[in-house]
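Take the sequences, apply the hints, and build the full model.
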Amino acid sequence: MAAQKDRAAFEAIFNTYYTRIYNYALRRTGNIELTKDVAAETFSKAFTNIERYKWKGVSLSSWLYRIATNEINQNYRKVKRISPLNDVLSEQLQDGTHADGALLNSEEMAMQHKKFQQMHRALSHLKPKYQTVLTLRYFEEKSIKEIAEILTLSQNTVKTHIRRGLIKLRACL
Amino acid sequence: MRDLKEIEDLLRQSRLPDTDAPKSKGAIWHRLIKEQRRRRRLPRLFWFPPWVWALLSLLMLAISVFIMVTTR
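In the order they appear, the protein sequences are chains W and S. The first sequence begins at 279 in the working numbering and counts up by one. The second sequence begins at 34 in the working numbering and counts up by one.
It is worth saying that the hints were derived from the structure and are not from the lab. A hint or two may mislead.
[What the hints assert, rightly or not] Here are the simulated lysine-lysine pairs, DSS-like style, with alpha carbons at most 27 Å apart:
1. Lys437(W) / Lys38(S)
2. Lys38(S) / Lys323(W)
3. Lys407(W) / Lys446(W)
4. Lys323(W) / Lys407(W)
5. Lys38(S) / Lys423(W)
6. Lys38(S) / Lys392(W)
7. Lys405(W) / Lys38(S)
8. Lys405(W) / Lys446(W)
9. Lys67(S) / Lys323(W)
10. Lys67(S) / Lys393(W)
Since we're looking at a predicted model, the values are computed, not measured.
Below is the structure:
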C-alpha cells in the first residue's frame with residue numbers, strides 16, 4: 279500500500295520534471311542514448327533517495343538538476359568520446375512535438391540543429407564546470423540564484439564561472 | 034574580437050528547442066519501475082546507507098587493533 283502511494287507520488291514528480299531533465303541532458307551530452315541513460319539514472323537515484331530530500335530552501339527541480347549534473351559529469355569522458363548529435367535531429371523530426379510550443383518545420387529545425395551542433399562542439403572544449411554553468415544559464419534559462427542552488431555554489435562564484443566560461447568559449451569559436 | 038555580449042547572444046540563438054520526448058518517456062518509466070521492483074527484492078542488508086558501512090568498517094578496524102594490542 280505504502281509502495282503504491284510512493285509510486286503514485288513519484289509518478290507525478292516524473293511526469294512534471296522528466297521533459298526538463300531530458301532536455302537538459304540532451305543539451306549537455308548531445309547524444310540521445312546517453313541522454314536516456316542520464317534521465318533514467320537521475321530519476322532512479324531520486325526515487326531511491328527521495329526520503330533524504332528535505333526542503334532546505336532547495337526546490338525539487340534544483341535537486342533533480344543537481345543529480346542530473348552529477349550524472350553527466352560522471353559520464354564526461356564518455357560524452358567526449360562519442361560522436362555526438364547525429365541522432366538528435368532525426369529523433370526530433372520524428373517526434374515533431376516541442377514542449378515549448380514552438381512547432382518548427384523541418385528546415386528550421388535542421389538550421390537550429392546545425393547552430394546547436396556548432397556551439398556544442400565549441401562547448402565540449404571547455405571544462406565540465408564551465409559547460410554546466412553556460413548550459414544552465416543560456417540553454418535552460420536558469421537564473422543565477424537557481425544555478426547557485428543547483429551547483430551548491432555562491433552566486434558570486436556562479437557569475438565568475440559564467441564570465442570565465444564565456445571568455446574561454448570565445449577563444450573556441 | 035567578439036565581446037562577451039555577442040557570445041551570450043550566440044549561445045541563446047543556438048539553444049536546441051525543447052522536445053517532449055514522448056517515445057523515451059514511457060520506456061524510461063517502465064525501466065524505473067522494473068529497477069525499483071528488483072531493488073525491493075534485495076535483502077535488507079544492502080539497504081544500509083553508506084555511512085553505516087563506513088562506521089562498521091571503522092569499528093572492525095578498532096576491534097582488530099584492540100585484539101592485536103591485547104594478545105601481544
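Original post:
Does Lys405(W) pair with Lys38(S) here, judged by a C-alpha cut-off of 27 Å?
Top reply: At roughly 21 Å apart (the allowed maximum being 27 Å), Lys38(S) and Lys405(W) satisfy the hint.
Subject >> Hint consistency between Lys407(W) and Lys446(W) [alpha-carbon to alpha-carbon, up to 27 Å] >> reply: 12 Å, holds
Original post:
Regarding the pair Lys67(S) and Lys323(W), is the alpha-carbon distance no greater than 27 Å?
Top reply: Between Lys67(S) and Lys323(W) the Cα gap is close to 14 Å, so the pair holds against 27 Å.
Original post:
Between Lys323(W) and Lys407(W), does the CA-CA distance stay at or below 27 Å?
Top reply: At roughly 22 Å apart (the allowed maximum being 27 Å), Lys407(W) and Lys323(W) satisfy the hint.
Original post:
Is the Cα-Cα distance between Lys38(S) and Lys323(W) 27 Å or less?
Top reply: 38 Å, violated
**OP:** Would you check the hint for Lys38(S) and Lys392(W), treating anything up to 27 Å between C-alpha atoms as holding?
**Re:** 21 Å, holds
Subject >> Hinted pair Lys67(S) and Lys393(W), Cα distance within 27 Å >> reply: Violated. Lys67(S) to Lys393(W) sits at ~38 Å, over the 27 Å cutoff.
Original post:
Taken at face value, is the distance from the CA of Lys38(S) to the CA of Lys437(W) at most 27 Å?
Top reply: Distance ~14 Å between Lys437(W) and Lys38(S) Cα, so the pair holds.
Original post:
Quick one, are Lys38(S) and Lys423(W) close enough, alpha carbons at most 27 Å?
Top reply: Within the cut-off at roughly 20 Å; holds.
**OP:** Measure nothing beyond the straight line between the CA atoms of Lys405(W) and Lys446(W); if it is 27 Å or shorter, mark the hint as holding.
**Re:** Distance ~9 Å between Lys405(W) and Lys446(W) Cα, so the pair holds.
Hints 2 and 10, counting from the list given before, are not met by this structure.
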